[in-house]
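S.K.: Sequence:
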Amino acid sequence: MLRLHDSAQGRVVDVVPRVEGRFSMYVCGPTVDNVPHIGHGRFTLAWDVLRRWLTFGGLDVTYVSNVTDIDDKIIAAAARAGRPEVEVAAEYEAMWWEAMAGLGVLRPDHAPHATAYIGQMVAMIEVLLAAGHAYRIDDGVYFDTSSVPDYGLLAGQPLDSLRAGTRVEPNDQKRSPLDFALWKAAKPDEPRWDAPFGAGRPGWHTECVAMSLELLGENFDLHSGGQDLKFPHHENERAQAVALGKGFSRYWVHNGWVEVEGVKMSSSLNNFTSLTDLLARADQRAYRLLLLRAHYRAPIEVTPETVADAERALERLDAVARRFRLEPLDESIPVRRSDHPEIEAAGDDVRAFVAAVDDDLDTPRAVALLYDLATKANALADGGDTEAGHAAAHLLAVLAGSLGLFLRGTDATLDAASSALASARDEARRRGDFAEADRLRDELVTLGFVVEDTAAGTRIRRA
RNA sequence: GGCGGCGUGGCCGAGUGGUUUAGGCAGGGGCCUGCAAAGCCCCGUACCCCGGUUCGAAUCCGGGCGCCGCCUCCA
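Taking our numbering, the leading residue of the first sequence gets 1, the next gets one more, and so forth.
Read the hints as simulated data drawn from the structure, not as lab findings.
Just so it is clear, the structure is predicted and the values come from calculations on it, not from any experiment.
Among the hints, a few may not be true.
[To be verified] The list that follows gives simulated cross-link-like pairs (lysine to aspartate or glutamate, EDC-like), each with its CA atoms no further than 20 Å apart:
1) Lys187 x Asp72
2) Lys376 x Glu342
3) Lys246 x Asp144
4) Lys174 x Asp138
5) Lys246 x Glu218
6) Lys174 x Asp144
Could you put together the complete structure from these sequences and hints?
M.R.: Here it is in structure tokens:
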């Protein structure tokens with residue numbers, strides 16, 4: 001059984017789906033006001049891994065992740081560019097999906113946009129106003145945090161101590177500095193929607209409540225996001241649901257930071273690397289492996305060095321796929337255990353791997369097991385048992401695939417001229433003309449190939 | 001001020017009261033190879049500091065030092 005660290009309970013708990021056989025998860029998605037950065041990559045990869053793992057185990061997963069397409073920063077970006085908000089948002093959103101595809105992150109089943117849920121949000125705010133959980137002031141409608149008795153559950157501390165540390169400039173009309181905007185009254189030249197409490201636009205914390213409840217229903221299974229969303233964003237979402245009398249997320253999970261030289265990377269510090277840059281200079285799978293080798297809740301350093309390290313580590317796994325000429329798995333769909341009955345023969349290895357990942361996504365332990373399988377497969381084949389070696393290699397590929405890490409054993413980009421050089425080298429070796437064979441190898445290396453001798457002759461691949 | 005996290009071998013990064021070791025990368029030695037590459041085998045005897053508990057602690061407790069995060073938009 002899967003166990004996860006639940007932020008609301010502050011401990012690792014058994015995860016029992018709301019409906020047997022099915023799983024509903026909501027992941028707070030991006031505000032499309034800038035290029036996606038590696039912090040976004042971390043959370044999307046972390047929860048993509050969870051989604052794939054649940055699917056691998058046989059659950060029918062519904063994955064919802066929103067796109068915030070109206071917000072202060074989008075308005076600011078549009079103003080800077082002198083273009084309409086919708087255009088700017090659409091452009092950054094396109095970059096987002098491109099980056100997600102690059103990382104091998106599966107598309108959500110639903111990717112609702114905030115601007116498509118204005119009606120639902122307005123209705124929700126009306127209910128909150130009527131019930132006395134919200135109040136109007138000059139610049140909008142605010143949520144009264146003191147009206148929810150257990151406010152502070154996710155923050156892990158009561159309202160009073162949260163208030164004591166408040167750094168926000170108190171708005172003299174707000175009843176408490178912690179109260180947050182449900183609705184921001186329209187300012188001149190800003191996008192606006194009509195509402196009974198005045199034209200304006202929604203505050204950030206409201207959309208996720210409206211969208212998650214509509215698409216997943218009450219008491220949906222899991223809500224996740226980065227650590228920084230725990231408070232106040234998730235706290236505020238939850239407060240609204242409680243005030244509405246709605247059953248909300250049953251489990252809350254949060255991933256750790258990307259750090260740069262020991263300091264949190266964030267868009268506001270401007271110390272970020274864009275995903276586009278990362279994907280351009282490294283194997284697209286390297287970031288996933290880098291993250292899998294650390295725990296999802298731990299902070300991690302992402303630098304050119306650690307990414308390069310992951311690329312070299314990946315090479316060892318790819319070498320197994322090459323050696324055993326593994327059939328590639330379909331990368332466009334999640335790997336399901338039930339589609340691979342052949343791996344059940346390796347009972348202990350499968351059990352150990354499943355136990356590791358089920359243990360609060362202990363992917364570092366799981367990855368170590370993958371490397372043990374690589375050694376096992378190679379050692380078996382070195383010992384002459386090619387069949388058993390192939391079975392171990394195949395198991396490795398399926399288990400890695402369950403986490404969204406796909407091995408690539410072939411390089412289809414070889415051109416005819418290079419292949420001819422490889423053949424010529426084989427011919428030279430057969431003749432015993434090693435000087436010529438070495439010359440041809442040097443030539444191939446100069447062309448950017450790695451040259452390996454195998455029982456089947458020279459094998460070349462791109463370095 | 002409140003709450004939370006972290007400090008592991010050259011680097012990344014797990015783990016946990018004691019057997020033989022996480023794992024990867026880098027490095028050294030050996031085997032294999034015409035020579036290489038790939039692969040296999042062997043090698044580092046690490047756990048911030050100071051006390052304490054214990055037969056035994058990197059792992060538990062106390063204290064200290066250092067670093068980081070949240071309490072403001074943020075993945």
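S.K.: Are any of the numbered hints broken by this structure? If so, which, sorted upward?
M.R.: Hint check: nothing fails, all pass.
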